[in-house]
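Sequential numbering of the sequence shown, starting at 205, is according to this note's numbering.
Simulated from the structure, these hints should not be mistaken for laboratory data.
Hints are not guaranteed to be accurate.
In silico DSSO-like links for lysine-lysine, alpha-carbon gap of 30 Å or less [claimed, not checked]:
(1) 238 x 250
(2) 281 x 221
(3) 238 x 253
(4) 253 x 271
(5) 215 x 227
(6) 281 x 238
(7) 253 x 221
(8) 227 x 238
(9) 215 x 250
(10) 253 x 281
(11) 271 x 238
(12) 250 x 224
(13) 250 x 271
With beta-carbon atoms standing in for the labels, derived distance ranges [claimed, not checked]:
(14) 253 x 224: 13 to 21 Å
(15) 289 x 250: 18 to 26 Å
(16) 236 x 297: 30 to 38 Å
(17) 229 x 289: 17 to 25 Å
(18) 251 x 284: 31 to 39 Å
(19) 249 x 209: 13 to 21 Å
(20) 220 x 267: 19 to 27 Å
(21) 243 x 218: 30 to 38 Å
Bear in mind the structure is a predicted one, so any value in this text is a computation, not a measurement.
Ideal Cβ positions, reconstructed from N, Cα and C, are used throughout, including at glycine.
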Amino acid sequence: MFTRQTTFHFKIDGLDKAIKIIKESIVPMAKSQKGYHGFYFMIDRKTGKAVAIVLWDSEEDAIANEKSHYYQEQLVKTMHLYREPPIREGYEIVIQE
205 MFTRQTTFHF KIDGLDKAIK IIKESIVPMA KSQKGYHGFY FMIDRKTGKA VAIVLWDSEE
265 DAIANEKSHY YQEQLVKTMH LYREPPIREG YEIVIQE
């Protein structure tokens, strides 16, 4: 299994709007992608920092997802709420309990 982690720095007053967009629009779109395995979204309401973790069956599925421009299309939905550009990273999951 493989994960894509994106770290965001949202405007504090935009957090609830970001959560709503992610829950109502981005997560349903993620579920429709080949290899999708799960979605987590964590926030720090004091700083506006948030982390989205999307689980994929394989690194190949995550890469194919990015090549389809799905990822970029989803970022645009919350772009107006960022304080700075998001940071994306990928990790192989080696232990899952």
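These are the hints, each one checked on the structure:
| no. | hint | result |
| --- | --- | --- |
| 1 | 238 x 250 | violated (35 Å) |
| 2 | 281 x 221 | holds (11 Å) |
| 3 | 238 x 253 | holds (28 Å) |
| 4 | 253 x 271 | holds (26 Å) |
| 5 | 215 x 227 | holds (18 Å) |
| 6 | 281 x 238 | holds (21 Å) |
| 7 | 253 x 221 | holds (14 Å) |
| 8 | 227 x 238 | holds (19 Å) |
| 9 | 215 x 250 | holds (10 Å) |
| 10 | 253 x 281 | holds (17 Å) |
| 11 | 271 x 238 | holds (13 Å) |
| 12 | 250 x 224 | holds (18 Å) |
| 13 | 250 x 271 | violated (34 Å) |
| 14 | 253 x 224: 13 to 21 Å | holds (18 Å) |
| 15 | 289 x 250: 18 to 26 Å | holds (21 Å) |
| 16 | 236 x 297: 30 to 38 Å | violated (22 Å) |
| 17 | 229 x 289: 17 to 25 Å | holds (20 Å) |
| 18 | 251 x 284: 31 to 39 Å | violated (19 Å) |
| 19 | 249 x 209: 13 to 21 Å | holds (19 Å) |
| 20 | 220 x 267: 19 to 27 Å | violated (32 Å) |
| 21 | 243 x 218: 30 to 38 Å | violated (20 Å) |
Going through the hint list in order, the structure does not satisfy hints 1, 13, 16, 18, 20 and 21.
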